Amino acid sequence: EDQVTQSPEALRLQEGESSSLNCSYTVSGLRGLFWYRQDPGKGPEFLFTLYSAGEEKEKERLKATLTKKESFLHITAPKPEDSATYLCAVQAGNTDKLIFGTGTRLQVFP
Amino acid sequence: NAGVTQTPKFRVLKTGQSMTLLCAQDMNHEYMYWYRQDPGMGLRLIHYSVGEGTTAKGEVPDGYNVSRLKKQNFLLGLESAAPSQTSVYFCASSVSGYGYTFGSGTRLTVV
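Chains as they are written, first to last, in the working numbering: chain E, 1 to 110; chain R, 1 to 111.
Chain E with its partners taken away, still in its complex shape (with noise of 0.2 Å):
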């Protein structure tokens, strides 16, 4: 069964500490993993993706990589509005369809 795990399930950082999320997977064929941001409220909104092992992005802050087994998405220097829920999703097989992981809830304060 395609599953998808992320941690921590939360994770607090003062402004500039710099770390990582993790979103480990087991699915038949990948075709790409998605990261999206969650603001509270709100709908996910997109952020990268990662279609084969050793593929990195960037955005600002951002860095998300990917292996055969998980991606990592790190987070250098965050400040204060990059406080939000991450979460990570696997597309596999012939279908369009997004599994979700349960997402890391990102505290960033002062």
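Everything labelled a hint here was simulated from the structure, so no lab data went into it.
This one's a predicted model, so the numbers in the text were calculated from it and none came from an experiment.
Keep in mind that the hints are not guaranteed to be accurate.
[Stated by the list, open to error] Think about it this way: if two alpha-carbon atoms lie no more than 30 Å apart in a straight line, the pair counts; the simulated DSSO-like pairs of lysine-lysine are:
1) R/Lys57 - R/Lys14
2) E/Lys79 - E/Lys42
3) E/Lys79 - E/Lys59
4) R/Lys9 - R/Lys70
5) R/Lys70 - E/Lys97
6) R/Lys57 - E/Lys97
7) E/Lys42 - E/Lys59
8) E/Lys57 - E/Lys42
9) R/Lys57 - E/Lys68
10) E/Lys69 - E/Lys79
11) R/Lys57 - R/Lys71
12) R/Lys57 - R/Lys70
13) E/Lys79 - E/Lys63
14) R/Lys14 - E/Lys42
15) E/Lys59 - E/Lys69
16) R/Lys9 - R/Lys71
17) E/Lys97 - E/Lys42
18) E/Lys42 - R/Lys9
19) R/Lys57 - E/Lys42
20) E/Lys57 - E/Lys69
21) E/Lys42 - E/Lys63
22) E/Lys97 - E/Lys59
23) E/Lys57 - E/Lys68
24) R/Lys71 - E/Lys97
25) R/Lys9 - R/Lys57
26) E/Lys69 - R/Lys57
27) E/Lys57 - E/Lys79
28) R/Lys9 - E/Lys97
29) E/Lys63 - E/Lys97
30) R/Lys70 - E/Lys42
31) R/Lys71 - E/Lys42
With chain E fixed as given, assemble chain R onto it according to the hints.
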């Protein structure tokens, strides 16, 4: 561009009542989805559609029905609401192979 618009944003239902949630997208996307989001459970797929006139079951379809009569609209119906359907519902649309665009959600409470 409005993207994906969901109505209503909030609703309180009594057990046994029915309602329809509306999702509209203006991006000409073929694919549309309904998810529910519950604490600790993540986003779970209810139903989806790969084109006008088509629908398919997702992971948690029981108690829900959907229709996609027009390409831009995807309706989610609850025929007889139950407290277990209390959740936040998200609609999304996509082009094949790319990420989803989500709406802002409908917070539904069934009492």
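Hints versus structure:
no. : hint              : result
1   : R/Lys57 - R/Lys14 : holds, 25 Å
2   : E/Lys79 - E/Lys42 : holds, 20 Å
3   : E/Lys79 - E/Lys59 : holds, 14 Å
4   : R/Lys9 - R/Lys70  : holds, 22 Å
5   : R/Lys70 - E/Lys97 : holds, 20 Å
6   : R/Lys57 - E/Lys97 : holds, 11 Å
7   : E/Lys42 - E/Lys59 : holds, 21 Å
8   : E/Lys57 - E/Lys42 : holds, 24 Å
9   : R/Lys57 - E/Lys68 : holds, 29 Å
10  : E/Lys69 - E/Lys79 : holds, 29 Å
11  : R/Lys57 - R/Lys71 : holds, 18 Å
12  : R/Lys57 - R/Lys70 : holds, 18 Å
13  : E/Lys79 - E/Lys63 : holds, 15 Å
14  : R/Lys14 - E/Lys42 : holds, 25 Å
15  : E/Lys59 - E/Lys69 : holds, 22 Å
16  : R/Lys9 - R/Lys71  : holds, 22 Å
17  : E/Lys97 - E/Lys42 : holds, 21 Å
18  : E/Lys42 - R/Lys9  : holds, 11 Å
19  : R/Lys57 - E/Lys42 : holds, 25 Å
20  : E/Lys57 - E/Lys69 : holds, 17 Å
21  : E/Lys42 - E/Lys63 : holds, 23 Å
22  : E/Lys97 - E/Lys59 : holds, 25 Å
23  : E/Lys57 - E/Lys68 : holds, 16 Å
24  : R/Lys71 - E/Lys97 : holds, 18 Å
25  : R/Lys9 - R/Lys57  : holds, 24 Å
26  : E/Lys69 - R/Lys57 : holds, 28 Å
27  : E/Lys57 - E/Lys79 : holds, 19 Å
28  : R/Lys9 - E/Lys97  : holds, 24 Å
29  : E/Lys63 - E/Lys97 : holds, 24 Å
30  : R/Lys70 - E/Lys42 : holds, 26 Å
31  : R/Lys71 - E/Lys42 : holds, 24 Å
Violated hints: none; the structure is consistent with every hint.
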